[in-house]
Structure formats: structure tokens, C-alpha cells
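Please take these sequences and the hints and turn them into a complete structure.
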Amino acid sequence: MMKKNYLAVAAIASAVLISSNANAGTTFDAVKKKGFVQCGVTTGLTGFSAPDDKGNWTGIDVDGCRAVAAAVFGDAKAVKFTPLTAKERFTALQSGEIDMLSRNTTWTLTRDSSLGISFAGVNYYDGQGFLVNKDLGVKSATELDGAAVCIQAGTTTELNLADYFRAKGMSYTPVTYDKSEETVKAFEAGRCDVLTSDQSQLYALRLKLKSPEAAGVLPEVISKEPLGPVVRQGDDAWFKVVRWSLIAQVNAEELGVTSANIDDMKKNSTDPNVKRLIGLDGIKGEGLNLDDAWAYNIVKQVGNYGEMFERNVGMDSPLKIARGLNDLWTRGGLQYGTPIR
Amino acid sequence: MSKFVPQPDLPAPITNVGVIGWLRNNLFPSPLDTAMTLAALYFLYLYVPPLFDWAIFSADWFGDSRDACTSGGACWVFVSVRFKQFMVGLYPDAEVWRVSTAAVLFVALMIPMFIKGFKHKAWLGAFILFGFPFIAFILFSGGSFGLELVETNMWGGLFLTLVLSFVGIVAALPLGILLALGRRSSMPIVKSVCVVFIEFWRGVPLITVLFMSSVMLPLFLPEGMNFDKLLRAMIGIVLFQSAYMAEVVRSGLQAIPKGQYEAAKALGLSYWQSMGLIILPQALKLVIPGIVNTFIALFKDTTLVLIIGLFDLLSMIQSASQDAKWLGFEIEGYVFAALIFWVFCFGMSRYSMSLERKLETSHARN
Amino acid sequence: MASEQPSVPAKAKLWNRPGFRALVFQVLLVAVLLYFGLTILGNTLHNLEQRGISTGFGFLNNEAGFGIVMSLIEFNESHTFGRTFLVGLLNTVLVSFLGIILATILGFLIGVARLSRNWIVSRLAAVYIETFRNIPLLLQILFWYFAVLAQLPRPKQSIGIGETVFLNNRGLYMGAPVPEAGFSMTIAAFFIGIIATFFIARWAHKRQDATGKQFHTVWAGIGLIIGLPAVVFLFSGTPLAWDLPVLKGFNFKGGMVIIPELAALLLALSIYTASFIAEIVRSGILSVSHGQTEAAHALGLRNAPTLRLIIIPQAMRVIIPQLTSQYLNLTKNSSLATAVGYPDLVAVFAGTTLNQTGQAVEVIAMTMAVYLTLSLLISFYMNWYNKRKQLVER
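Protein chains in written order, with the numbering used here: chain D, 9 to 349; chain H, 41 to 406; chain F, 10 to 403.
In case anyone wonders, no lab produced these hints; they're calculated from the structure. Errors might be hidden in some of the hints.
With a straight-line cut-off of 25 Å between C-alpha atoms, the simulated BS3-like cross-links for lysine-lysine are [stated by the list, open to error]: (1) D/K142 to F/K262; (2) H/K325 to H/K398; (3) F/K22 to H/K305; (4) D/K42 to D/K88; (5) D/K275 to D/K292; (6) D/K274 to D/K85; (7) D/K248 to D/K176; (8) F/K215 to F/K398; (9) H/K298 to F/K396; (10) D/K248 to D/K40; (11) F/K396 to H/K231; (12) D/K232 to D/K176; (13) H/K231 to H/K325; (14) D/K176 to F/K262; (15) D/K248 to D/K292; (16) H/K156 to H/K325; (17) D/K218 to D/K142; (18) H/K231 to H/K298; (19) H/K365 to D/K218; (20) D/K88 to H/K156; (21) F/K22 to D/K142; (22) F/K165 to F/K262; (23) D/K232 to D/K328; (24) D/K147 to F/K165; (25) D/K218 to D/K328; (26) D/K142 to H/K365; (27) D/K147 to F/K257; (28) D/K283 to D/K248; (29) H/K365 to H/K159; (30) F/K165 to D/K218; (31) D/K176 to F/K257; (32) F/K262 to D/K147; (33) D/K40 to D/K85; (34) D/K42 to D/K248; (35) D/K328 to H/K305; (36) D/K292 to D/K85; (37) D/K42 to D/K85; (38) F/K165 to D/K142.
In C-alpha cells form, the structure reads like this:
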């Protein structure tokens with residue numbers, strides 16, 4: 009009697025908790041079959057991926073996942089989020105626990121080549137910077153000799169920091185924590201003089217300080233940090249869906265198509281580029297095995313790249329980050345939409 | 041001849057009985073003791089009134105933002121605003137009744153266990169250990185019986201703490217019994233396998249076990265198969281706990297007199313019959329206090345899941361205190377968590393002590 | 010389980026012979042375990058290859074490239090991953106060692122206080138024990154770190170004690186002794202003191218056995234171990250300089266520092282473990298029956314020698330095994346350091362190094378091996394100790 013119940017619980021528990029996608033090569037089919045995209049995000053980083061009090065996720069990385077869901081299912085809500093620490097993120101992706109990783113992850117050669125994963129694009133061009141209290145009177149990172157620096161453990165940031173100080177012949181005390189929230193807390197408490205991380209994160213983390221105005225980001229950018237969505241290696245169909253979901257958003261911004269005017273454009277636009285994007289003309293969704301309205305759905309439900317940027321990290325958000333490198337190439341930035349034709 | 045009439049006994053001197061006598065004997069028996077008493081009283085005077093003042097008298101209890109905290113005492117508003125998250129994490133508001141139902145059911149099931157005359161304690165106990173988790177799992181997770189599926193990453197707070205520790209004990213118990221039997225087996229291979237297993241898990245810290253389950257376990261599984269993060273943590277906890285459980289059960293097995301084993305054998309019972317019918321019922325009864333103590337240890341240890349990013353009670357409080365709107369109230373949060381853990385652990389340890397006393401008399405052997 | 014097997018008639022069916030059954034069962038067990046182990050091994054190797062994760066211990070020779078806040082040996086970012094293992098290990102040893110000393114002192118004090126006939130002192134000790142043992146250690150660590158130590162002043166407003174000790178939220182800065190030429194003589198004197206004390210103790214013991222005369226070994230020992238080096242130190246011209254911490258730029262430089270991560274961990278570990286040690290000490294002392302005290306008094310021993318010669322040696326027999334397992338727990342619990350960023354073995358090696366190299370299997374295996382070795386050594390020692398100290402009854 010005891011044993012039987014126990015076994016029954018175990019059986020049900022395993023049936024519910026164990027998801028098994030037997031063929032690693034067909035994430036696309038598996039996603040289609042289960043009806044949602046399982047997306048790995050941060051445990052909470054304002055502007056990129058953070059849950060509100062109710063557990064609803066927002067952020068630019070979250071919108072990346074929603075765009076993929078919109079492309080695949082025509083429904084941007086068909087996403088489930090798995091919060092991951094920096095330590096767990098690659099294991100989660102490798103093991104198939106998640107379908108895509110959209111967790112402000114830097115694209116580097118080591119990661120792309122030795123972890124069995126592929127970066128599908130860059131949704132944010134970032135670089136590592138320093139946050140200091142203004143009353144310290146530091147104007148440049150070159151004045152930081154002897155400072156105590158708060159960092160998140162196990163990130164590229166940690167290595168860049170060491171390289172930078174070594175190259176400049178300066179000394180520093182690293183104070184490391186597992187979670188970025190803890191680094192802010194320690195910075196707030198004065199455990200360290202400097203907080204270092206990707207600049208975008210610094211703006212987000214600054215909001216967690218008691219008085220955000222009292223801290224400023226130094227001008228130096230000491231590294232290149234192209235952040236983007238990641239998928240498992242050797243899974244081309246899925247890889248392309250993720251890659252083109254992002255490209256469609258950039259193209260929409262280039263063409264001036266927004267979530268507000270897309271219906272109007274669909275009816276009235278005569279621009280062949282717009283027509284191809286919306287799926288009225290050209291190759292449509294065929295090559296990606298998607299619905300013809302895939303890009304339409306992305307822009308309609310999630311918005312174009314500019315909208316997504318401004319809403320989450322730009323001027324319409326508390327972060328107020330300027331477009332900078334993330335502006336369109338036509339305006340001096342790096343975002344360049346590969347042609348949809 | 042006058043008869044000797046004894047005088048009635050004089051009462052003891054007033055300095056030896058009553059309040060004064062007690063004070064003399066317990067607080068001021070010698071100069072050294074007097075000094076210690078005075079020092080202790082001064083210490084209490086120094087810290088206790090301000091503590092009560094901070095925690096109760098000048099604390100802020102009501103409100104919905106930090107602006108309500110003006111009096112300089114503890115800001116319990118921080119706790120009351122976040123109370124739901126501390127209790128059940130991100131569990132959807134509309135579904136919280138499911139957690140409450142399970143909790144009420146559990147309490148209702150536990151009540152008869154404390155009633156003296158209740159006859160079917162063994163059956164009820166078995167049901168609580170092995171039937172109830174089944175019901176609770178359906179309630180919590182949903183996805184069947186018309187209940188909406190609630191992903192485990194929405195589970196959190198005290199609810200998750202309790203789930204983890206309960207599962208840890210319930211699943212570790214059968215495994216622990218098997219290991220304990222194995223360790224006392226006369227078959228050399230069985231014995232050494234069990235010894236190695238037990239000593240391995242007892243020798244490593246839980247945190248490395250949790251690391252292992254979160255980063256290494258996925259590598260052990262066949263490609264494409266994976267476990268939920270919570271389940272992975274549970275597997276780690278259960279393996280870890282089963283080793284401790286095995287040692288507790290073994291101590292019970294050792295306490296059973298050899299005559300019991302021999303008598304069972306003489307009756308012609310097979311190994312499993314004699315274990316199942318004679319030895320284990322006695323041994324398990326003996327080790328109930330030990331099991332409760334392991335449960336207390338596990339209950340405290342579940343806080344470690346904070347490090348692998350699960351949102352138990354402590355972890356919920358930690359992340360709430362990092363909210364920009366509520367910076368600077370970590371003390372309130374920690375005190376609240378400490379109080380909850382303390383109430384649970386202290387209650388259980390008292391329970392285990394009373395059991396120990398009760399079982400000792402009913403099993404007097406000398 | 011009784012090991013003697015009932016005699017089975019020779020004609021019993023093979024399957025009914027206990028020996029045969031045991032054999033079959035064990036062979037099956039080995040087969041299942043082998044299958045299980047090989048499957049895991051196969052899966053792991055396959056997964057590692059599939060995912061292009063490199064294997065082997067070669068990574069230990071690669072440059073680490075990150076800094077560590079505190080190290081007992083020289084370390085900078087150009088050292089190897091192998092060295093991070095050593096740094097972490099030493100930091101674990103340091104915090105465990107200090108924690109054990111503090112917890113023992115505190116635990117014995119509280120345990121004795123708990124038995125005090127002074128009501129208020131014994132109540133206070135009880136409150137201490139019941140409070141701290143029922144609150145999770147991790148919570149206590151976080152409390153000390155984020156709620157208490159974080160409120161210390163910043164470096165510029167340090168609390169200074171004289172010109173040598175400064176307390177701020179970066180840690181406790183103290184002057185560090187720098188030995189100069191000739192200091193080795195003092196160290197030599199110290200060791201000579203220890204050796205001499207050892208021989209004096211042996212001689213005193215023998216003499217007491219033979220003649221009953223007692224000798225104050227303790228005082229002689231203190232004199233030799235502390236006094237002798239002190240005299241040598243003074244006569245060799247006090248060859249010791251002090252490296253004092255000085256506020257320079259952002260922070261204090263020079264001297265020794267106890268970083269707040271270490272302090273928080275140490276406080277929490279020793280306070281938590283002391284509550285268990287106190288209970289052990291109490292039960293140990295209570296385990297010596299009162300008759301022993303009475304017998305000692307009847308023999309004419311005073312209170313102090315009764316405690317020292319009769320009670321404590323017997324109590325220790327109960328206390329030591331439990332105490333050892335608490336020490337082991339403390340060492341294992343020190344791995345919670347990772348929650349506040351103290352660079353112990355788990356935080357540095359199983360944390361940062363694992364992340365930077367991605368070689369989870371090797372790193373976790375090495376970390377576990379360290380703790381496992383430690384606990385095996387301690388349990389061997391315990392077995393040896395128990396055998397030696399077991400009550401030999403006639």
C-alpha cells in the first residue's frame with residue numbers, strides 16, 4: 009500500500025516534470041508540437057528580462073523570445089520563461105531544458121566554438137564600463153588604481169577587468185558575488201568603490217541604488233560585448249527562425265513599419281520591401297517553414313527593433329539609454345537588417 | 041507526669057524559602073554569582089528594552105509603501121506588503137487556494153496524530169507520508185483534474201521550503217531504510233556498496249551536491265532528456281538526505297536486542313518477513329525522534345537552494361530586500377525569516393524531545 | 010542481522026540455499042550497478058563530445074585571468090587555474106581553523122554557563138542555544154554580512170584604535186609584524202620551549218606515579234613556551250618591525266586585513282556551531298554521575314582537582330566524538346562562503362573556475378574529493394580515538 013502510492017507519485021511526478029525531446033536536431037518540430045517556446049532569461053535585470061510583482065516578464069531579451077513565438081505561432085504570448093543564473097545558462101541550453109537562451113549573453117569565439125551552441129545574432133551592442141559614486145571625484149577609469157571593484161563571478165567581465173588593470177599597470181581588489189543584485193547591494197553599502205559590468209547593465213543596476221543620480225558611469229568602455237540570442241548548435245531550422253525573427257524587427261524599423269502603422273501599411277503600402285516584409289510578396293515564410301505572416305505577426309505584436317529598444321531600455325524606460333551603437337546603420341549605428349527578399 | 045508534646049516545627053527562615061530564598065539560592069549564592077547575576081541583568085537592561093522598542097512599540101505595522109515607515113522602529117510594512125511572495129513565491133494569485141487547501145488538509149491530517157486515544161495512527165501516518173504527497177502534488181502542479189498547470193519556477197517562498205524538506209524526508213526514508221539494512225547485511229558486496237554510498241554523501245557538503253545536481257546531472261542523462269530544475273535539486277537533496285536517514289535507521293536497528301532477530305528466525309520467518317514484521321516496526325518507532333531531528337536539519341538546509349537560484353523563503357526575502365523601493369530593510373526581512381524558521385524548528389525539536397521521553401518509558405530495557 | 014546460517018540439508022534445492030541466494034543477489038547488484046555506472050559514463054562522454062566541451066585536467070595549467078580578493082599565497086590573474094584550487098583550499102582551511110577555535114571557546118563557555126547554578130546565567134545560555142541552533146546558518150551568514158557588517162563606516166570615516174587598527178566596511182585593518190634579521194632565534198626559542206615542556210611533562214608524570222609528588226607542569230610550560238622566546242626576543246634587540254595600514258587613495262594599504270566576508274562567515278559559523286557544542290558539553294558533563302564527584306570529595310580532593318582529574322577526563326570521552334563531528338560539520342558548512350563571496354574552495358574553484366572553464370565534471374569531482382578526503386581522515390581518527398579511549402571494563 010505504502011509502496012504503491014509512493015510509486016504512483018513518482019510516476020506522475022516524472023511524467024509531468026520530465027520533458028523529453030528525443031531528437032536534439034529538431035527543436036523546431038518539438039517547439040511546434042508543444043505549442044510554446046521555452047526561453048532562458050536572467051533572474052532579474054531591468055530592461056533585459058525581469059519579472060514584475062505578478063511574475064510577468066518584460067525586457068528586450070524577453071521581447072526577443074516573444075518575437076520568435078510570434079513568428080512560429082502567430083502568438084507572442086506562447087512563451088515560457090526559465091530564469092537562469094550566469095552559471096546555469098549554457099548547461100540549460102545544452103541539455104534541452106530551454107529552446108533558446110536570451111539572457112544578455114556575450115558572443116565570443118570560445119563560447120561559439122567550444123560549448124556546442126550558436127549565437128543567432130546581436131540584439132544589443134554593449135561594452136564593459138564602470139559605475140562610481142560621483143562624490144569620489146573620479147573622472148576616468150585610469151584613476152582607479154587601488155580601488156575595490158564589485159563584479160559578478162564567472163562572467164567575461166571578470167576577465168576583461170583583470171586584463172584592463174593589468175594592461176594599465178594598476179592594482180585592484182576584486183569583490184565577487186554570484187548574482188548581479190548582490191554586486192549592487194555591496195556597491196550601495198560601500199563595500200567597493202567601483203561596480204563593473206556591461207554598460208547597459210550598469211544603467212539598469214544604477215536604478216537599484218537608493219539615489220541613482222549620485223552614481224555615474226565612467227566614459228571608458230573596456231571591452232566589446234555583443235549580446236544576442238543563443239540556440240543549440242547543429243539545429244539549423246530553429247537557428248534560422250531565431251536569427252530572422254531579430255532581422256525582421258530591424259528591417260521593419262529601417263522601413264518605418266511599426267506596430268501602430270503596420271495594418272495601414274498592409275493595406276496601402278506600395279513599397280515592394282514593405283510588401284515582402286509583411287508577407288504579401290516574395291519568398292514569404294516558406295523557406296523558414298513559417299506562416300506567411302510571420303514577420304507581420306512579430307511587428308504587430310512585439311514591434312520593430314526601435315520600438316522594442318525604446319520601450320525596454322531607451323528613452324521610454326527608466327533606464328534612458330541612448331541608441332548609440334544600437335542605432336540603425338543609416339543613423340551611424342551598427343544595426344543592419346539583412347535584406348528580406 | 042507531663043507528656044512530652046513536641047513543639048510544632050518552626051517554619052524555615054524566611055531567607056531560605058519563598059521568593060527571597062529562591063533568589064538567594066539561584067541568583068546570589070556567592071560573591072562570584074552575585075557579580076555574574078548583576079552583569080547579566082545589566083546586559084538584559086542594555087539590550088532587551090531597545091529590542092522590544094524596535095520590534096514592537098515603535099515599529100510601523102500598516103501601510104503599503106516605505107513612506108509608511110516613519111517612526112524609526114522596525115518597518116514591518118516591508119513584510120506585510122511582500123507577505124504573499126514570502127509565503128508562496130510567484131504562485132498565481134488565482135491559484136493560491138490550492139496551496140492553502142493542501143496546507144489545511146495537512147494540518148487536519150496531523151491533528152489525530154496528537155490525539156492520545158486515536159487507534160489508526162500507523163495507517164494515518166503511512167497515508168501522510170505516502171498518500172498525501174500524491175494529492176498535494178496534483179494540487180500544486182495542476183495540469184490535470186481541470187486544474188491549471190503551474191510551472192515549478194513559479195513556486196517559491198515558505199511553500200517551496202516546505203515542499204523541498206517534506207519531499208526530502210519522505211523520499212529519503214525508504215531509501216535510507218534499504219541502505220541501513222544493506223549496511224548491516226552479511227553479504228560483503230551489498231554491505232560495501234551501502235557503506236560507500238552512505239559515507240560518500242555524508243562526506244560532502246550539501247552545496248556541492250546541489251551544484252552537482254544543477255550543472256552535472258544534465259550531463260549524466262541521455263541526450264535530449266532533462267529534468268525540471270526543481271526536480272534536479274530534489275534528487276540531490278534526497279540522495280544526500282538518504283545517507284543521513286540510513287545512519288538514523290541503523291542506530292534503531294542496532295538498538296533492537298539480538299533476541300528479537302533470533303526469535304523471528306526461530307519462527308521460520310524469512311529475512312524480509314522478519315524485517316518487515318518484527319524488526320523494522322520496533323526500530324522505526326525507536327528512531328522517530330532521530331527522524332524528526334534530521335527533518336529539522338534538512339528544513340534549515342533547504343535554504344541552500346538560494347545559491348542555485350531557486351526561490352525559497354530566504355531567497356525571496358533576499359531578492360525583496362534588493363528591490364530599489366525597499367532598500368535598507370534587510371534586517372526586518374531576515375528577522376521575519378528567522379522567526380519563521382525558529383518557530384518551525386523549535387516546535388519540532390520540542391516535539392521530538394517529548395516523543396523521546398514517551399518512547400523511552402514504553403520501551404524500557406535494561 | 011545474524012550472520013550464522015542455519016544448517017540446510019544437503020538435499021535442499023539450490024535456489025533455497027542461503028549462500029547461493031546471497032551470491033546471486035550480489036552478482037545481480039553488481040551487474041545493475043555496473044550497468045548504471047556505465048550508462049552514466051557513456052551518456053556523459055557522449056554529451057561532452059556532442060556539445061564540444063573539452064575534458065581532462067589540462068585546464069589546470071591554463072592562465073586563470075581573474076583576481077581573487079584574498080589569498081594566503083601569492084596570487085594574481087597571471088597564475089593558473091590549478092593555483093586557484095590551492096588558494097580556495099587554503100582559504101577554506103583558514104576559515105575552518107579559526108571557526109573551530111572560536112566555536113570551541115564559545116561553546117564550552119556557554120555549555121558551562123548552561124549548567125551554572127545561577128538561574129539567570131543558565132537561562133541566558135539556554136536562550137542562546139535555542140535561538141541560534143534553530144535558525145538556518147545561511148540566514149545567519151547573510152544577516153551578519155548584509156545587515157550588520159555592511160553598516161560599518163566607509164574607509165575615510167574608519168573607526169581607528171590608535172594608529173594601528175582601523176575598522177571600516179572593507180574590513181579590519183591591523184599592523185602586520187615584519188620579522189627582521191635575527192627573529193629566527195625567537196622562533197627557535199619558541200620551539201625549544203615546546204619540546205622542553207613535553208619532556209618536563211613526561212618526567213613530572215613519571216615522578217608523580219613513582220613518588221606521588223606533584224609538579225606544576227602548566228606554569229613551567231607557560232614559562233618555557235612564552236617566557237623563553239620573550240627573553241630571547243628582548244635580548245636579540247626586538248628584531249620585529251610593524252607594517253602599519255595607511256589610508257592611501259581609495260583605501261587602506263599595507264598591514265593585515267580581515268575582510269568582512271571572512272568576518273561574517275566566521276561569526277556565523279562559530280556562533281551557530283557553538284550552540285551545538287554547548288549542548289554537547291552539557292550532556293558530556295551531565296553524563297558523569299554525581300557519585301564520581303562525591304567519591305572524589307570523599308577522597309579529599311578539592312573542587313578544582315575534582316573537575317580537572319575526575320569529571321573532565323570522563324566527560325571528554327563523551328564529548329570528543331561528538332565534538333569532532335561538529336568540527337567536520339563546520340568545515341563542510343564553511344562552503345556557504347559562496348553566498349557572501351568569501352573566496353573559499355567552493356566559491357573560487359567550484360564557482361568562478363568552473364564558470365570560466367566550463368569543465369563541470371572535473372571541477373566538481375576535485376571539490377568533492379577534498380571534502381571527502383577530509384571527512385574520511387577525521388572518521389579514521391575518530392575510530393582510532395574511540396578504540397584507545399574506550400572504557401576498558403574488567
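Tested hints:
1. D/K142 to F/K262: holds, 23 Å
2. H/K325 to H/K398: holds, 11 Å
3. F/K22 to H/K305: holds, 20 Å
4. D/K42 to D/K88: Given that 25 Å is the threshold and the Cα spacing comes to 11 Å, the pair holds.
5. D/K275 to D/K292: Satisfied, since the Cα-Cα distance of roughly 17 Å is no more than 25 Å.
6. D/K274 to D/K85: holds, 23 Å
7. D/K248 to D/K176: violated, 42 Å
8. F/K215 to F/K398: holds, 21 Å
9. H/K298 to F/K396: At roughly 23 Å apart (the allowed maximum being 25 Å), F/K396 and H/K298 satisfy the hint.
10. D/K248 to D/K40: holds, 15 Å
11. F/K396 to H/K231: holds, 22 Å
12. D/K232 to D/K176: It holds: about 18 Å lies between the C-alpha atoms, which stays within 25 Å.
13. H/K231 to H/K325: holds, 24 Å
14. D/K176 to F/K262: holds, 20 Å
15. D/K248 to D/K292: holds, 14 Å
16. H/K156 to H/K325: holds, 16 Å
17. D/K218 to D/K142: At roughly 14 Å apart (the allowed maximum being 25 Å), D/K142 and D/K218 satisfy the hint.
18. H/K231 to H/K298: holds, 19 Å
19. H/K365 to D/K218: At roughly 8 Å apart (the allowed maximum being 25 Å), D/K218 and H/K365 satisfy the hint.
20. D/K88 to H/K156: Cα-Cα ~49 Å, so violated.
21. F/K22 to D/K142: Between F/K22 and D/K142 the Cα gap is close to 89 Å, so the pair fails against 25 Å, i.e. violated.
22. F/K165 to F/K262: With a Cα-Cα distance of about 13 Å, the restraint between F/K165 and F/K262 holds, given a limit of 25 Å.
23. D/K232 to D/K328: Holds, at about 21 Å.
24. D/K147 to F/K165: holds, 19 Å
25. D/K218 to D/K328: This hinted pair holds, its Cα atoms lying about 17 Å apart.
26. D/K142 to H/K365: With a Cα-Cα distance of about 22 Å, the restraint between D/K142 and H/K365 holds, given a limit of 25 Å.
27. D/K147 to F/K257: The hint holds at about 18 Å.
28. D/K283 to D/K248: holds, 21 Å
29. H/K365 to H/K159: violated, 54 Å
30. F/K165 to D/K218: holds, 21 Å
31. D/K176 to F/K257: holds, 19 Å
32. F/K262 to D/K147: holds, 22 Å
33. D/K40 to D/K85: holds, 14 Å
34. D/K42 to D/K248: holds, 19 Å
35. D/K328 to H/K305: The hint is violated at about 80 Å.
36. D/K292 to D/K85: With a Cα-Cα distance of about 23 Å, the restraint between D/K292 and D/K85 holds, given a limit of 25 Å.
37. D/K42 to D/K85: holds, 14 Å
38. F/K165 to D/K142: Distance ~15 Å between F/K165 and D/K142 Cα, so the pair holds.
Hint violations for this structure: numbers 7, 20, 21, 29 and 35, all remaining hints satisfied.
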